[in-house]
Amino acid sequence: MMDKHNFIIFLLLAVLALGGCFAKKTTQAVQYTEEEAIPYKIAVLPAEYIKHAENSTEHKSVLVLDDDRVFVADIVRAAISNQLAGKGFMPLQKDVVDNILAGLGRDDGWRKMSDVELCRVLGADGIVKTDIYSADMLKALAFDLFQLDAEVMMYNAAGTLVGKWRDSASKRRISVPTGIIGLAGTIVEEVFSDPIRRQMRMVVYDWAWNMAQVLPDSPKGAKLPEVIAVDTNVDNLLFGVGQRVAVRVDAEPGLKCSFSIGDFKKDIPLPQTSQGVYEGFYVIAEGDKASNKTLMVRMRKANGVDRLWIESGSLITVDGELPPIPETIEYRTGRDGVQLYWLVPVAADLEEFVVEKGNDPVGEFETVAQTRTPEFVDPDVMQGTTVFYRVRIKDKAGNLSPLNGITSVIMPQFDERELFGELSGVLVKGNYRIAFPVSVPEGSKFTIQSGTKIRFEDKGRVDVYGELESIGETSGPVRLESNSTEGFKIVPGGKALFSQCEFNGFSKAVTSAGGFIEIRSSSFRGGEYAVAVTETGNYDFKGLRISSVGNGLVLSAGNGSVVRSSITNCTQGIEFRGGSVEIKDNNIFDNERNIVATGKLVVSDNYLGSASLGKLKLEGDILVKSILDAPYPHGRRIVLIDDKEITPEVLEKRFAELKDLGVNAFHGQHYGDAYQALSQAVTMKDDRDIYLYLSYTLLALGDDMALSEILHEGIAKFPYDVRLHQLNVRYLLNKGDIKQARQVLDKALLLSPADSNLLYMKDYFEHLAVPAESAPSQTGEEKASEEKVKDSEDEE
Numbered sequence: 001m002m003d004k005h006n007f008i009i010f011l012l013l014a015v016l017a018l019g020g021c022f023a024k025k026t027t028q029a030v031q032y033t034e035e036e037a038i039p040y041k042i043a044v045l046p047a048e049y050i051k052h053a054e055n056s057t058e059h060k061s062v063l064v065l066d067d068d069r070v071f072v073a074d075i076v077r078a079a080i081s082n083q084l085a086g087k088g089f090m091p092l093q094k095d096v097v098d099n100i101l102a103g104l105g106r107d108d109g110w111r112k113m114s115d116v117e118l119c120r121v122l123g124a125d126g127i128v129k130t131d132i133y134s135a136d137m138l139k140a141l142a143f144d145l146f147q148l149d150a151e152v153m154m155y156n157a158a159g160t161l162v163g164k165w166r167d168s169a170s171k172r173r174i175s176v177p178t179g180i181i182g183l184a185g186t187i188v189e190e191v192f193s194d195p196i197r198r199q200m201r202m203v204v205y206d207w208a209w210n211m212a213q214v215l216p217d218s219p220k221g222a223k224l225p226e227v228i229a230v231d232t233n234v235d236n237l238l239f240g241v242g243q244r245v246a247v248r249v250d251a252e253p254g255l256k257c258s259f260s261i262g263d264f265k266k267d268i269p270l271p272q273t274s275q276g277v278y279e280g281f282y283v284i285a286e287g288d289k290a291s292n293k294t295l296m297v298r299m300r301k302a303n304g305v306d307r308l309w310i311e312s313g314s315l316i317t318v319d320g321e322l323p324p325i326p327e328t329i330e331y332r333t334g335r336d337g338v339q340l341y342w343l344v345p346v347a348a349d350l351e352e353f354v355v356e357k358g359n360d361p362v363g364e365f366e367t368v369a370q371t372r373t374p375e376f377v378d379p380d381v382m383q384g385t386t387v388f389y390r391v392r393i394k395d396k397a398g399n400l401s402p403l404n405g406i407t408s409v410i411m412p413q414f415d416e417r418e419l420f421g422e423l424s425g426v427l428v429k430g431n432y433r434i435a436f437p438v439s440v441p442e443g444s445k446f447t448i449q450s451g452t453k454i455r456f457e458d459k460g461r462v463d464v465y466g467e468l469e470s471i472g473e474t475s476g477p478v479r480l481e482s483n484s485t486e487g488f489k490i491v492p493g494g495k496a497l498f499s500q501c502e503f504n505g506f507s508k509a510v511t512s513a514g515g516f517i518e519i520r521s522s523s524f525r526g527g528e529y530a531v532a533v534t535e536t537g538n539y540d541f542k543g544l545r546i547s548s549v550g551n552g553l554v555l556s557a558g559n560g561s562v563v564r565s566s567i568t569n570c571t572q573g574i575e576f577r578g579g580s581v582e583i584k585d586n587n588i589f590d591n592e593r594n595i596v597a598t599g600k601l602v603v604s605d606n607y608l609g610s611a612s613l614g615k616l617k618l619e620g621d622i623l624v625k626s627i628l629d630a631p632y633p634h635g636r637r638i639v640l641i642d643d644k645e646i647t648p649e650v651l652e653k654r655f656a657e658l659k660d661l662g663v664n665a666f667h668g669q670h671y672g673d674a675y676q677a678l679s680q681a682v683t684m685k686d687d688r689d690i691y692l693y694l695s696y697t698l699l700a701l702g703d704d705m706a707l708s709e710i711l712h713e714g715i716a717k718f719p720y721d722v723r724l725h726q727l728n729v730r731y732l733l734n735k736g737d738i739k740q741a742r743q744v745l746d747k748a749l750l751l752s753p754a755d756s757n758l759l760y761m762k763d764y765f766e767h768l769a770v771p772a773e774s775a776p777s778q779t780g781e782e783k784a785s786e787e788k789v790k791d792s793e794d795e796e
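Following the working numbering, the numbering of the sequence shown begins with 1 at its first residue and continues without gaps.
Please keep in mind that the hints were generated in silico from the structure rather than gathered at the bench.
C-beta: ideal position from N, C-alpha, C; glycine also.
Be aware that one or more of the hints could be misleading.
What the hints assert, rightly or not - With a straight-line Cα cutoff of 27 Å, these simulated DSSO-like cross-link-like pairs (lysine-lysine) come out: (1) K139 <-> K396; (2) K495 <-> K685; (3) K717 <-> K600; (4) K453 <-> K289; (5) K584 <-> K653; (6) K445 <-> K396.
What the hints assert, rightly or not - Simulated DEER-style distance windows between Cβ atoms: (7) Y341 <-> A716: 48 to 54 Å; (8) K445 <-> K615: 43 to 49 Å; (9) E481 <-> E330: 26 to 32 Å; (10) T328 <-> K685: 46 to 52 Å; (11) F420 <-> A716: 29 to 35 Å; (12) T598 <-> F718: 27 to 33 Å; (13) N359 <-> A630: 53 to 59 Å; (14) E619 <-> A435: 37 to 43 Å; (15) T598 <-> G702: 22 to 28 Å; (16) P492 <-> F420: 23 to 29 Å; (17) F420 <-> V362: 18 to 24 Å; (18) E481 <-> T328: 31 to 37 Å; (19) T683 <-> V722: 23 to 29 Å.
All chains, full assembly: derive it from the sequences and hints.
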């Protein structure tokens with residue numbers, strides 16, 4: 001087949017090189033026929049190909065496929081039928097004619113009959129025969145060739161030849177059709193983007209229009225609208241969602257035109273877009289469904305006379321049903337790229353899979369692959385980045401399956417990369433190192449993803465002023481490794497969360513110097529200490545696993561809890577120096593000293609390596625209320641001090657008693673008693689009055705360090721309490737920190753601009769701002785104003 005095809009192309013190229021494929025056509029002479037001999041009701045018979053002798057000089061057809069021969073014959077028959085209808089003839093319906101002919105014999109039954117017999121059997125006044133001498137429908141790399149040479153013959157019921165007419169039309173390469181249709185124009189599309197059958201259809205229509213110029217008019221029929229050309233895209237055959245069935249008609253002006261897609265959609269308007277040009281389309285909507293429909297164009301004059309044009313040879317199928325979505329999209333990452341794979345749902349007409357890629361889940365996606373296999377490898381993904389994919393199914397109609405979420409893929413950092421400067425955003429899974437101090441700045445958030453490994457070199461450290469999250473998974477913990485360096489330091493205002501992390505080799509793995517820290521299900525090995533809380537702040541330690549460390553936990557300040565953790569093989573398991581802490585449900589054993597306390601500490605429900613009080617390895621002022629006789633969670637509780645059951649109601653009652661006791665003691669100027677009661681109450685419940693009275697108590701006692709801590713803690717919990725800010729201003733004034741005091745006052749005035757005490761303070765600062773050398777001596781009234789500021793604060 002290929003050899004024959006190549007030979008044909010070679011032959012045509014040779015002929016073209018000699019000056020053209022065909023001899024110049026002689027102008028068709030108009031034949032004159034008696035009106036009485038011209039039929040009205042005609043049967044247009046199937047077009048037939050002329051078989052030329054081997055030695056014939058006639059050009060022979062170049063139609064490679066049998067289907068193409070049938071297609072050309074069908075549209076030749078339909079085109080001449082449409083033109084005859086426009087000239088006043090009444091062609092019988094094609095299906096009616098074909099059914100009658102089929103009943104005359106499977107082979108050549110009707111072809112052996114005379115013209116008179118055919119007219120009688122078909123019930124027609126005449127018959128029209130079409131002989132195709134040659135037809136070419138060839139699309140090649142070097143050129144395109146579409147050509148038709150055919151003859152039309154008309155006979156009346158008496159068997160008389162009314163006339164015979166022969167003409168040809170062709171189109172080559174980028175040239176337009178040779179007749180008037182090419183001048184009229186077609187739907188705006190590049191020639192080479194058209195289906196091959198559409199190009200052949202336009203050549204046939206060109207030939208039919210040329211024939212119409214010499215065919216006689218039927219004297220018995222009405223004058224129908226004149227049609228120059230009908231151009232459609234029916235040869236696309238299959239139309240999906242969003243695609244257009246487009247129609248253009250070149251005809252006489254002033255018509256009312258519409259088209260129908262079988263019985264699926266009828267009377268779709270074709271408005272006149274310019275003189276004698278009518279254009280319109282139907283857009284396939286989701287849910288539309290139709291099969292094998294004929295496109296018909298109707299043109300009507302103002303006087304009601306209309307004409308029907310039938311596009312034959314190609315039946316339209318409308319498929320507005322979207323294909324199913326892919327199932328279970330998964331991926332693997334490696335140095336070679338990202339591999340996507342998915343399950344194929346059951347469907348009848350899947351054509352291919354479309355893979356779309358984007359750098360933002362809500363941004364634009366571009367198509368990166370169209371594949372027939374349910375997998376795709378993307379080699380163009382940088383390490384340490386996140387990309388997003390969508391996989392959709394396309395069916396034969398070009399429909400895409402609905403969007404069904406986005407697959408987010410984190411490409412790991414396989415090659416170790418250094419982190420430096422200020423850290424923010426998301427650190428994707430990979431290998432990193434920190435060689436010098438880095439920080440998470442205030443107002444920023446830095447997230448370390450699961451499976452990440454960070455190696456700290458000699459000077460490496462992370463200072464957290466903003467927010468840090470390091471969240472691993474059981475199957476992919478965050479691994480943090482060091483050779484005796486510091487790790488993470490959370491400063492006042494900072495916040496850190498570690499979950500499923502592994503700390504190895506740090507001298508000081510985590511230090512909380514006033515911020516908030518939460519550690520869950522993480523392990524620590526080696527170093528001076530695992531975690532230290534050195535300044536007032538809040539902490540929550542749950543599920544820690546600490547071993548082979550000097551000091552497991554060092555708790556010097558702040559409020560927090562240590563629960564369900566394991567601390568073993570350390571010099572000191574827990575060293576408690578101050579603050580408030582709940583230590584419960586832990587396994588603290590096999591350390592040189594399990595717990596060391598320099599302040600009063602109460603613990604309960606922990607396994608300390610023994611059920612004997614003398615072997616618990618405790619040192620300092622430690623009250624053990626209960627222990628476990630075996631490691632948590634399997635150990636039984638042994639009560640050493642029998643307390644009453646503590647319920648929320650009991651706690652609330654106890655808190656109220658302590659609060660009343662502390663407030664009354666303060667007003668009675670028993671500041672020691674007030675401090676005892678209020679310091680206990682503040683550990684039981686967050687209450688702004690408790691913070692306020694405890695601050696005044698510490699101010700009266702002159703304990704500046706404790707006052708600073710409690711004010712900082714109270715303002716952090718109740719940032720909009722003007723009284724705490726007011727007291728903070730006074731504390732800062734007493735310290736001599738005028739600048740900081742002024743900043744706090746400005747913030748307090750924003751919260752309560754009409755507060756008289758704050759306004760007195762503002763006046764006081766304005767007096768302080770007057771230069772000493774130009775300031776007048778202080779009057780008694782000014783002194784009284786300053787004293788009023790202090791007195792008003794004391795009255796609070």
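Hint check:
1. Annotation: proposed proximity of K139 to K396 holds, straight-line Cα distance about 23 Å (limit 27 Å).
2. Simply put, K495 and K685 have alpha-carbon atoms about 22 Å apart, close enough for the 27 Å limit, and the pair holds.
3. The straight-line distance between the Cα atoms of K717 and K600 is roughly 26 Å, inside the 27 Å bound, and the hint therefore holds.
4. About 56 Å separates the Cα atoms of K453 and K289, which puts this hinted pair outside 27 Å; it is violated.
5. Only pairs whose Cα atoms come within 27 Å are accepted, and K584 paired with K653 is accepted, the gap being roughly 24 Å.
6. Of the pairs offered as hints, the one joining K445 and K396 is violated, with about 48 Å between alpha carbons and a cut-off of 27 Å exceeded.
7. In this structure the supplied range 48 to 54 Å holds for Y341 paired with A716, their Cβ-Cβ distance being about 50 Å.
8. The beta-carbon spacing between K445 and K615, approximately 47 Å, falls within the hinted interval of 43 to 49 Å.
9. Separated by about 31 Å at the C-beta atoms, E481 and E330 satisfy the suggested range of 26 to 32 Å.
10. For the pair T328 and K685, the supplied restraint of 46 to 52 Å holds, since their beta-carbon distance comes to about 50 Å.
11. The beta-carbon spacing between F420 and A716, approximately 31 Å, falls within the hinted interval of 29 to 35 Å.
12. T598 and F718 have their C-beta atoms about 31 Å apart, which keeps the hinted 27 to 33 Å range intact.
13. Our hint of 53 to 59 Å for N359 and A630 holds, since their Cβ atoms are close to 54 Å apart.
14. Distance hint for E619 and A435: a CB-CB separation of about 40 Å, consistent with the stated range 37 to 43 Å.
15. Our hint of 22 to 28 Å for T598 and G702 holds, since their Cβ atoms are close to 23 Å apart.
16. In this structure, P492 and F420 meet the distance hint of 23 to 29 Å, their C-beta atoms being roughly 24 Å apart.
17. Taking the beta carbon of each, F420 and V362 are about 31 Å apart, not inside 18 to 24 Å as hinted.
18. The hinted range of 31 to 37 Å is satisfied by E481 and T328, whose Cβ atoms lie roughly 36 Å apart.
19. With their beta carbons about 25 Å apart, T683 and V722 fall inside the hinted range of 23 to 29 Å.
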